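**Q** The whole structure should be built from the sequences, with the hints applied where relevant.
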Amino acid sequence: MRNKPPRLFAAEYDQAAQRARTLAEIARDRFAPPKTISVLREIAALLDRVAKDLSVYETRKYIGLSYEASRDLCEAEALALANPAARFAPDFTLYVLQPLNSRPFPLPDPLHPVTRQFARREARATHRIWAHNAEGEQLTGDPSQWLRLVMAAWRDWATLAVEVEVDNARPDNRRARP
1 MRNKPPRLFA AEYDQAAQRA RTLAEIARDR FAPPKTISVL REIAALLDRV AKDLSVYETR
61 KYIGLSYEAS RDLCEAEALA LANPAARFAP DFTLYVLQPL NSRPFPLPDP LHPVTRQFAR
121 REARATHRIW AHNAEGEQLT GDPSQWLRLV MAAWRDWATL AVEVEVDNAR PDNRRARP
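For the sequence shown, the residue numbers in our numbering are 1 to 178.
I should point out that these hints are in silico values taken from the structure, not numbers from a laboratory.
Misleading hints may appear alongside valid ones.
[Stated by the list, open to error] Simulated crosslink set (DMTMM-like; lysine to aspartate or glutamate; CA at most 20 Å straight-line):
| no. | residue 1 | residue 2 |
| --- | --- | --- |
| 1 | 52 | 25 |
| 2 | 35 | 75 |
| 3 | 35 | 77 |
| 4 | 35 | 68 |
| 5 | 52 | 14 |
| 6 | 52 | 68 |
| 7 | 52 | 109 |
[Claimed, not checked] Simulated DEER-style distance windows between Cβ atoms:
| no. | residue 1 | residue 2 | range |
| --- | --- | --- | --- |
| 8 | 167 | 35 | 16 to 26 Å |
| 9 | 143 | 166 | 29 to 39 Å |
| 10 | 67 | 134 | 31 to 41 Å |
Quantities reported herein were computed from a predicted structural model and do not represent experimental measurements.
Just so it is clear, CB atoms sit at the ideal spot from N, CA and C, and this is done for glycine as well.
**A** Below, the structure is given as structure tokens:
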């Protein structure tokens with residue numbers, strides 16, 4: 001019986017592949033208008049290809065992505081940014097890549113709401129994202145469930161961002177200039 005060589009960085013690649021599969025499921029399960037549903041399906045297909053590429057990697061002496069996986073991640077992120085109704089986090093692909101590069105998770109930019117009600121909601125949404133990012137997978141013990149919680153928090157923040165933009169644009173909600 002011939003011994004197989006050890007797969008270097010196998011756990012990291014498997015974890016990244018599982019995260020890509022989970023994000024693809026989230027994209028498929030998301031409720032959205034018909035125009036956005038087709039975009040979400042395309043994002044899911046791209047993430048499925050990334051997961052497949054990550055799960056069938058060859059033994060390497062370094063951690064890296066194939067050109068195809070990098071391209072697919074960039075396309076998925078570009079689609080999400082071009083379609084705000086998809087309600088994905090900016091840089092959501094960092095959640096896939098984090099096991100491979102150990103970069104920090106993304107945090108939301110300030111929305112600068114004018115009204116107190118939206119300021120409180122922004123603080124709660126930002127805190128949820130920050131807490132889920134800080135706790136990581138230890139929060140639930142299930143990486144897939146943790147990623148679903150994080151993406152739900154980002155979805156809520158993206159929805160709030162649209163509401164704040166509309167509210168801040170109202171003529172009676174303009175900030176007084178000193």
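**Q** All the hints need checking, so say for each whether the structure fits it.
**A** Here is what the structure says about each hint:
Straight-line distance between C-alpha atoms of residue 52 and residue 25 comes to about 14 Å, which keeps the hinted pair within the 20 Å bound. A hinted pair counts as satisfied when its Cα atoms are at most 20 Å apart, and residue 35 with residue 75 qualifies at roughly 18 Å. A hinted pair counts as satisfied when its Cα atoms are at most 20 Å apart, and residue 35 with residue 77 qualifies at roughly 17 Å. A C-alpha spacing of about 26 Å is found between residue 35 and residue 68, which places the hinted pair above 20 Å, so the restraint is violated.
Using a Cα cut-off of 20 Å, the hinted pair residue 52 and residue 14 holds, with the two alpha carbons roughly 10 Å apart. For the proposed pair residue 52 and residue 68, the alpha carbon gap of about 11 Å is at most 20 Å, so the pair holds. Taken as a hint, the residue 52 and residue 109 pair is broken in the structure, with Cα atoms around 32 Å apart against an allowance of 20 Å. One distance hint, 16 to 26 Å for the beta-carbon pair residue 167 and residue 35, holds here, with the actual separation near 24 Å.
A hinted range of 29 to 39 Å holds for the C-beta pair residue 143 and residue 166, which are about 35 Å apart. Remark: the range hint 31 to 41 Å for residue 67 to residue 134 is upheld by a beta-carbon distance near 33 Å.
Comparing the model with each earlier hint shows violations of hints 4, 7; every other hint is respected.
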